[in-house]
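For the sequence shown, position 79 matches number 79 in this note's numbering, and the numbering has no gaps at all.
Honestly, the hints are just simulated from the structure, not real lab data. Backbone N, C-alpha and C define an ideal beta-carbon position, used for all residues, glycine too. Just to be clear, a hint being listed does not mean it is correct.
Claimed, not checked - Cβ pair distances, simulated, as ranges:
1) Ala67 with Asn3: 43 to 51 Å
2) Val72 with Leu107: 19 to 27 Å
3) Lys93 with Leu53: 30 to 38 Å
4) Ser91 with His126: 33 to 41 Å
5) Asp121 with Ala75: 22 to 30 Å
6) Val26 with Pro66: 12 to 20 Å
7) Asp8 with Gly68: 35 to 43 Å
8) Glu129 with Pro66: 36 to 44 Å
9) Arg76 with Asp15: 18 to 26 Å
10) Asp47 with Val122: 16 to 24 Å
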Amino acid sequence: MTNPIALDSALAGFDAVWSPRIVANVNDYDIRLARFGGEHVWHVHEDTDEFFLVLDGEIEIGLREPAGEHVVTVARGSVFVVPRGTFHKPSSKGGAVVLLVEPSGTLSVGDEHDEVPGHVDVTVGHRVETA
Numbered sequence: 001m002t003n004p005i006a007l008d009s010a011l012a013g014f015d016a017v018w019s020p021r022i023v024a025n026v027n028d029y030d031i032r033l034a035r036f037g038g039e040h041v042w043h044v045h046e047d048t049d050e051f052f053l054v055l056d057g058e059i060e061i062g063l064r065e066p067a068g069e070h071v072v073t074v075a076r077g078s079v080f081v082v083p084r085g086t087f088h089k090p091s092s093k094g095g096a097v098v099l100l101v102e103p104s105g106t107l108s109v110g111d112e113h114d115e116v117p118g119h120v121d122v123t124v125g126h127r128v129e130t131a
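Please put together the full structure from these sequences, using the hints given.
Here is the structure:
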């Protein structure tokens, strides 16, 4: 990458929810931009944490931990990390824009997951088209 990428421009290039776009790479990690809307799927990343930065809107992340299930609300401007090996289910009632950091090649539905609904893109991310 030799030029900055404007996130507003990247967002203008897609409107699909749960279909992350790769805006940059840092070492062996993807910086992904995604639109959240409705519910994702319960899934787990066995070998990596997952970083969420809410740029717009609000998200909820359901977590299945040894003490039981609970939900964490992540507001605009806030970050949250789901630890590796933790089943989680992101959702957003009103829609959100989220920046994610994951190792390159990480599948959007993790290593293990519930049945994937049609509105969730099973992908390792789509590269943002730059001019």
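Against the structure, the hints:
{"no.": "1", "hint": "Ala67 with Asn3: 43 to 51 Å", "in the structure": "47 Å, holds"}
{"no.": "2", "hint": "Val72 with Leu107: 19 to 27 Å", "in the structure": "22 Å, holds"}
{"no.": "3", "hint": "Lys93 with Leu53: 30 to 38 Å", "in the structure": "19 Å, violated"}
{"no.": "4", "hint": "Ser91 with His126: 33 to 41 Å", "in the structure": "21 Å, violated"}
{"no.": "5", "hint": "Asp121 with Ala75: 22 to 30 Å", "in the structure": "25 Å, holds"}
{"no.": "6", "hint": "Val26 with Pro66: 12 to 20 Å", "in the structure": "32 Å, violated"}
{"no.": "7", "hint": "Asp8 with Gly68: 35 to 43 Å", "in the structure": "40 Å, holds"}
{"no.": "8", "hint": "Glu129 with Pro66: 36 to 44 Å", "in the structure": "43 Å, holds"}
{"no.": "9", "hint": "Arg76 with Asp15: 18 to 26 Å", "in the structure": "19 Å, holds"}
{"no.": "10", "hint": "Asp47 with Val122: 16 to 24 Å", "in the structure": "18 Å, holds"}
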